[in-house]
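Protein chains: 2
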Amino acid sequence: MMLQGLLEMMYPQQRAYCKKKGIKMTYIDLEYNPTGNDLVCKFFVEPHGNHSIEDACEDIAAESSIGTWTDVSTMEQGIFERLGPHVFRIDKGSGEVLLAYPSELFEPNNMPQILSSVAGNIFGMKAVDNLRLIDIELPENLVKSFQGPLYGIEGIRKLLDVKNRPLVGTIVKPKLGLGYKKHAEVAYESWVGGCDIVKDDENLTNQAFNPFKERIIETLKMRDQAEEETGEKKIYMPNISAETDEMVRRAHFVKENNGRYIMVDIVTVGFSGLQSIREKNPGLVIHAHRAMHAAFTRNKKQGISMLVLAKLARIIGVDQIHIGTAVGKMEGGRREVTQIRDAIVGDLYGLKTTFPVSSGGLHPGHIPPLVDIMGGDVIIQAGGGVHGHPEGTQKGAVAMRQALDATMQKIPLKEYAKTHAELNLAIQKWGTV
Amino acid sequence: MMLQGLLEMMYPQQRAYCKKKGIKMTYIDLEYNPTGNDLVCKFFVEPHGNHSIEDACEDIAAESSIGTWTDVSTMEQGIFERLGPHVFRIDKGSGEVLLAYPSELFEPNNMPQILSSVAGNIFGMKAVDNLRLIDIELPENLVKSFQGPLYGIEGIRKLLDVKNRPLVGTIVKPKLGLGYKKHAEVAYESWVGGCDIVKDDENLTNQAFNPFKERIIETLKMRDQAEEETGEKKIYMPNISAETDEMVRRAHFVKENNGRYIMVDIVTVGFSGLQSIREKNPGLVIHAHRAMHAAFTRNKKQGISMLVLAKLARIIGVDQIHIGTAVGKMEGGRREVTQIRDAIVGDLYGLKTTFPVSSGGLHPGHIPPLVDIMGGDVIIQAGGGVHGHPEGTQKGAVAMRQALDATMQKIPLKEYAKTHAELNLAIQKWGTV
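Keeping their order, the protein sequence lines are chains A and B. Here my numbering is used: the first residue of the first sequence is 1144, the next is one more, and so on. Here my numbering is used: the first residue of the second sequence is 1144, the next is one more, and so on.
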């Protein structure tokens, strides 16, 4: 108990010490206006016990930058003045606070370092019961130290020669288990039915039942055939997630076999590997799957928001990213999803945009509300919603395109379904919204 | 509302469909005994709304392996039999369940793929309100596909020539801001005072105020001097966290300058980068810092446990890892910390051990209870608890060693402090426990 009392005293002790030594050492400065040199974070803060939010903010500011839990003899006023962050807004009602960090604290082009600072130890501090990094804004010099997307929405639309509608994709199902020949067949049926895109599932990489190289060769062969038959550009997104060098080798293999896309599970791969594949990317479109994100994004009081993850992924340079559906099997409501969409398609120091992807439990019946929410610049992916069609994969893909056609023409699905049998069957099975 | 009803029906629908087609498709098999070929996960499950825990388990099993939210025409009985996971324990009281996954689902030596399966989309499913991966056991073939630690506790003890006591380390403070010359001086004082180890902070990498190369050269020079003066082996752990290739270049630079250790922020670097640095490690000891872990480990109902992270880090091959203090500034209680300790020092198919590190808000007063909790095989790191000593860094390091000496001799700190002035000052400032 004595220790607990001491621990609770420590940060105030640090401040008292600094005062004594003439070192101005409060991080709170509500008069402060962030400059173009600052990295700005918005946190939700729930202080521990009967601590004040101000005390919690001091601790967060210290631990995420230059401080520690006690006064140290090695501290200098100059460091504090040059590198100290500023807590410049505290909203006691919502628990939301804004911190500005001088960009000198950060290493350019090093996302792990940036996160180890502003999203590192602070989540584990006893001084807070809950802490969440809600939003982040990097200053121009840090943003530009990363590569950003190579294609962006514009480049992807050019590549596919599709101008004015959402793209439609599917994921080969079952998630795992098909051999590579069957995998390629399912992909082919999806394409000729009307899908623009076929992607691997997030847990399919290079397993014995479906080896990577054989899958790439066979699936891209079927893609060529589908392109010839439909006269449309078709996309295959193979999941290259692995150890970094292996990932790079896989990307090159895709390129050598005339693939145009790679897919990366950006959370389980991690930020170092993601930066590497972006830097060594041999000209391919990078599709970012977010598997595992909800381990830290879901609880709205703790962890890191999907908004932050999506923004950082764009800055590193993914061309497409899953941001939620608002209507499918995964959590993530309308407001959250549109906020993320706005962030990755908006202006950011001249960076290209990232194409929003909605995926997870979708079927044709979801398309009208989804397009209503997301607008035209969205990639709509349905796995079960294609292969689960009563008449199989190809008809499932047809139904998806019909649903999209109806939506673009503003015709209610039920009406369009009267003259479109595949859509009608899909609606009978899964309904409309 | 109609859609919501449909969504709630979907997984049961899949099962009904499979039943109709003669495909046995429940993943629950309480008679199942895991084999040596299975990867076993323990989850905490809180089903959504009035769903049963059995239904939630079916959904988790499907989404983390071969299934999806609806029946698909491409499903085959053979896939289900070969690759289907088994839910073999359900404890309705605690909400804890055990799942066994056939190892064929996973790619050897690919941690991102393993996590995208068993710790991927499932955290975001609407079917659960909370889900946590509590524990994981990989089968021998998967464990051995990774490298494991190069040194382990035994190798590190040999390297340092310290047999029977915990190691004592510090972190240069303030966290950021010192120039490289001052950084090296602070390190030197720490070593000659008695620290075995000096490490960089998790957010110090290669910033303009303290460039990496200059810091390495200068600090290792001071290390040599400290070794000469003390006759002890001294360790510097530079933080190499960065994009993968840059990280590898930094490791080689450390090696070329006669460093023996590197430090990696394993969570913000990520699993691909961690595997890469382990595979390309030029013979150095790898110290794993866990900054950002609490974003997904802290909430005990959601995310992934620190136990899982520590186990996977050992399998990939880190030699040391932060596992908590039970007594310092970070959350993580005694039971959790000792459980992680047991896991990383225990038998695992002949893999070397990982040295447990306790760091975060520690000072000399913590050493007796910490050694009581952790045993002798622990690395005790104090940053503020060294540099915050009333007489400065060197005396702070002396006090840490004195506290350790007293603890090893089972003398109460207050008694030992009567004849050890540095310890006495530390206790006056921070107390004992």
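Be aware that a few hints might be false.
Which copy is meant is left open, because identical chains are indistinguishable; a pair holds if it fits in one copy or across any two.
In silico DSS-like links for lysine-lysine, alpha-carbon gap of 27 Å or less [as the list claims (entries may be wrong)]:
(1) Lys-1269 with Lys-1235
(2) Lys-1423 with Lys-1356
(3) Lys-1538 with Lys-1557
(4) Lys-1324 with Lys-1557
(5) Lys-1356 with Lys-1287
(6) Lys-1301 with Lys-1185
(7) Lys-1398 with Lys-1301
Derived from the structure by calculation, the hints contain no laboratory data.
Outcome of the hint check:
In this assembly of identical chains, Lys-1269 and Lys-1235 lie within 27 Å of each other by CA distance solely inside one copy; the values are 19 Å within and 31 Å between copies. Taking CA atoms no more than 27 Å apart as the test, Lys-1423 paired with Lys-1356 passes in both settings, with 19 Å inside one copy and 24 Å between copies. For the identical chains of this complex, Lys-1538 and Lys-1557 are intra-copy neighbours only, at 17 Å inside a copy versus 80 Å across copies, given an alpha-carbon limit of 27 Å. Taking identical chains as interchangeable, the C-alpha atoms of Lys-1324 and Lys-1557 are never at most 27 Å apart, the minima being 36 Å within one chain and 73 Å between chains.
Within a single copy, Lys-1356 and Lys-1287 get their C-alpha atoms only as close as 35 Å, which misses the 27 Å cut-off; across copies the closest is 23 Å, which meets it. In the homo-oligomer, the alpha carbons of Lys-1301 and Lys-1185 never lie at most 27 Å apart, since the shortest distance is 36 Å inside one protomer and 47 Å across protomers. Only within a single protomer do Lys-1398 and Lys-1301 lie at most 27 Å apart by alpha-carbon distance; the minimum there is 18 Å, versus 47 Å between protomers.
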